[in-house]
Structures are given as structure tokens and as C-alpha cells.
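So the sequence lines, in the order shown, correspond to chains L and C. Mapping of the first sequence onto the working numbering: position 107 corresponds to residue 107, and the numbering continues sequentially without gaps. Mapping of the second sequence onto the working numbering: position 96 corresponds to residue 96, and the numbering continues sequentially without gaps.
To be clear, the hints were calculated from the coordinates, so they are not data collected in a lab. Note that beta-carbon positions come from the ideal geometry of N, C-alpha and C, so glycine has one too. Please note: incorrect hints may appear among the correct ones.
Derived list of chain C stretches under chain L, where covered just means 3 residues or more per stretch with a C-beta under 8 Å from a C-beta of chain L [to be verified]:
1. 54–60
2. 79–89
3. 93–107
Selected chain C positions facing chain L (in silico; Cβ < 7 Å) [unchecked claim]:
4. Ser29
5. Gly30
6. Pro51
Far from chain L, some chain C residues (derived; all Cβ distances over 12 Å) [said to hold, decoys possible]:
7. Val25
8. Glu46
9. Ser63
10. Ala69
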Amino acid sequence: MTWLLWLYPPRWRRRYGEELAALVAAQRFSIAGALDLLAGAIDAWLHPGLALADPSDTSDSSVTSDAKGEMAMAARAMLFRCAGCGPVLTARDKRASMLIILIGSALLTPLWIWALFRLNNRYMEAMTPMAYLFPYLLSLPYSTLKGRSVQTQAILIAGLTLVLIGFFALTAWIGTKI
Amino acid sequence: MARRDETVDLEEFGRFSEPALLILVSLASGPKHGYAITEDIALFAEVRFGPGSLYGAIARLESRGLIEALAAVDRRNPYRLTALGDKVLRARLASMQAITRIGQKRLATT
Numbered sequence: 001m002t003w004l005l006w007l008y009p010p011r012w013r014r015r016y017g018e019e020l021a022a023l024v025a026a027q028r029f030s031i032a033g034a035l036d037l038l039a040g041a042i043d044a045w046l047h048p049g050l051a052l053a054d055p056s057d058t059s060d061s062s063v064t065s066d067a068k069g070e071m072a073m074a075a076r077a078m079l080f081r082c083a084g085c086g087p088v089l090t091a092r093d094k095r096a097s098m099l100i101i102l103i104g105s106a107l108l109t110p111l112w113i114w115a116l117f118r119l120n121n122r123y124m125e126a127m128t129p130m131a132y133l134f135p136y137l138l139s140l141p142y143s144t145l146k147g148r149s150v151q152t153q154a155i156l157i158a159g160l161t162l163v164l165i166g167f168f169a170l171t172a173w174i175g176t177k178i
Numbered sequence: 001m002a003r004r005d006e007t008v009d010l011e012e013f014g015r016f017s018e019p020a021l022l023i024l025v026s027l028a029s030g031p032k033h034g035y036a037i038t039e040d041i042a043l044f045a046e047v048r049f050g051p052g053s054l055y056g057a058i059a060r061l062e063s064r065g066l067i068e069a070l071a072a073v074d075r076r077n078p079y080r081l082t083a084l085g086d087k088v089l090r091a092r093l094a095s096m097q098a099i100t101r102i103g104q105k106r107l108a109t110t
């Protein structure tokens, strides 16, 4: 099950990788354990600031441990938001995020309703929540994914979109079999 | 940021609040590494957290200054309660104790 640790962000693996691997290696494989690691990996990607502290990092010997502590705290202060430890959001970010969701939903919902009537397709019907979820995903660069590279944002948004489409298609397919 | 004040509320950790509380209780008896914490919690609370949940909670506790990592032993970092962690745990247990007392009193009168 240790291969699942590769799903964690590199910084997280550097900080907790070895001890997490030791813990995972001591346990028997289970679906629940694998899902727990998967959820942990998603959480680690969503909260990159959590793995900032590295007690073994002695790369800069000119910096005293007190100064390192202050630097770590300052870095965290820039990255953390309450206990969620997400990025710091400005009022502008919140407005942008909200507008993307509102305008995106307002545009996609009637389009979806029109498509449903035109196509009368079970799969199309199952994907109705995407009319809200897709604009939400598009708003992530202004909320949860703020501060990430454009490439990371694109991969995560495209990946999550595909996962959701797959999930809804699966529910529609199951519906045809029941 | 690692908020080193007395306003830390474990409830803010969301789904990690329960593992966080049990980790603090486990570390109250002395420093332990991840595996030892899991075994200890399984013993006294009869709950076994998955590694993802455990380290999600450990990372949050560490980032808020409630626990701190000690020098690595055998590639594993033991963690210990900080003074703030001790204070937060005491406050939390006192609050739970008060709720338990009230609940038991009310049940006794019904």
C-alpha cells in the first residue's frame, strides 16, 4: 500500500513520507486503508501549507533554530487561512469565485435544460449537477487552488471534471441495469 | 499560521477533530511516533485511524503548535505535546467533563 504515498505532494512526502511509509508498511492492505490514504492525499494537495514544518531540515546552518521558527511562522502566516490552512483569500478573490459560480450556473443551467429536452438522454440527465459543479471547479483558482501554478490548476480541474463525469455516467449506467 | 494563542478549538479541524483529540490524549502520557500513537489510541479508545487520517490530524496539530516533532529515531519522528497543546487538551477535557456531568444529571432525573 506504500505506493499510494506517491499520490501525496512532494513537500508532504519529504516531511511525513518516511514515517507514514513505516506506518503503512506495518498494516495489512485493506480497501478502507487505501481509501483513507487517498483521502489523505487529496487533503494534502488541498492544504499545501500543512507540511511546511520540517524538523530535519538543517540545510541552512547560518540560520538559527529560532530564526527558522520565525521564518516558518511567517511563511505559514502567508499561506494559512484559519484551521483550513488554505490560501489567503482577498475580497477580490471571493468576488471572482462567486461571480464565476453564479454566471457559470446561470449560463449552463438553461443550456442543460435545453439539451435535456432536445436529446432526452439518460446520461445527459444524470450529469445535470455538472451545471453547477463545473462553474464551481472553474472558480477553484480563486479559492482552494489559489497560488498554485496554472499547470497544476488545469490538471486538477480537468481531472476532477473527468472524475465527476465518470461518476455521473456510472450512476446513469447503473440506472439502466436496475 | 501556527497560532500560538489560547483560542485553538479542535472543532476547527473538521473531520480531523476526533483524531486530533485522541492524539493529544495519547501524547499526554509522553512522546510517541505515528505507529505507537495508533496502537495507543486503539487500546484506550478502541478506534483505529487510517494512516491518512492520522497524519492529516498530526499535520494540523503540528501546524497549530499543539504538538512538536522531536529528533527522528529510526527514520520516525516522535511527537510530543507542547505547552499550548497541554493547555488546549485540559480545556477540552474539562468542557467534555462538564457536558458529561450535565448529561448524566439530566438522564438521572428522567
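For each hint, the structure was consulted:
With a threshold of 8 Å between beta carbons, the proposed coverage of the stretch 54–60 of chain C by chain L holds, since 6 of its residues qualify and at least three are required. Beta-carbon proximity to chain L at under 8 Å applies to 0 residues in the stretch 79–89 of chain C; the threshold of 3 is not reached and the given coverage is violated. Check result for the stretch 93–107 of chain C against chain L: violated, 0 residues qualifying (beta carbon to beta carbon below 8 Å, three or more required). For Ser29/C, the interface hint is violated, since its Cβ never comes within 7 Å of a Cβ in chain L; the closest pair sits about 19 Å apart.
The interface hint given for Gly30/C is broken, as the beta carbon of that residue sits about 17 Å from the closest beta carbon of chain L, more than 7 Å. At about 5 Å, the closest approach between the beta carbon of Pro51/C and any beta carbon in chain L falls short of 7 Å, and the interface hint on this residue holds. The non-interface label for Val25/C is consistent with chain L: the shortest C-beta to C-beta separation is roughly 19 Å, beyond 12 Å. The beta carbon of Glu46/C is kept farther than 12 Å from every beta carbon of chain L, the shortest such distance being approximately 16 Å.
For Ser63/C, the condition that its CB be more than 12 Å from all CB atoms of chain L is violated, with the nearest at approximately 5 Å. In this structure Ala69/C is not separated from chain L by more than 12 Å, as the shortest Cβ-Cβ distance comes to only about 4 Å.
In terms of the numbered hints stated before, the structure departs from hints 2, 3, 4, 5, 9, 10, listed from lowest to highest.
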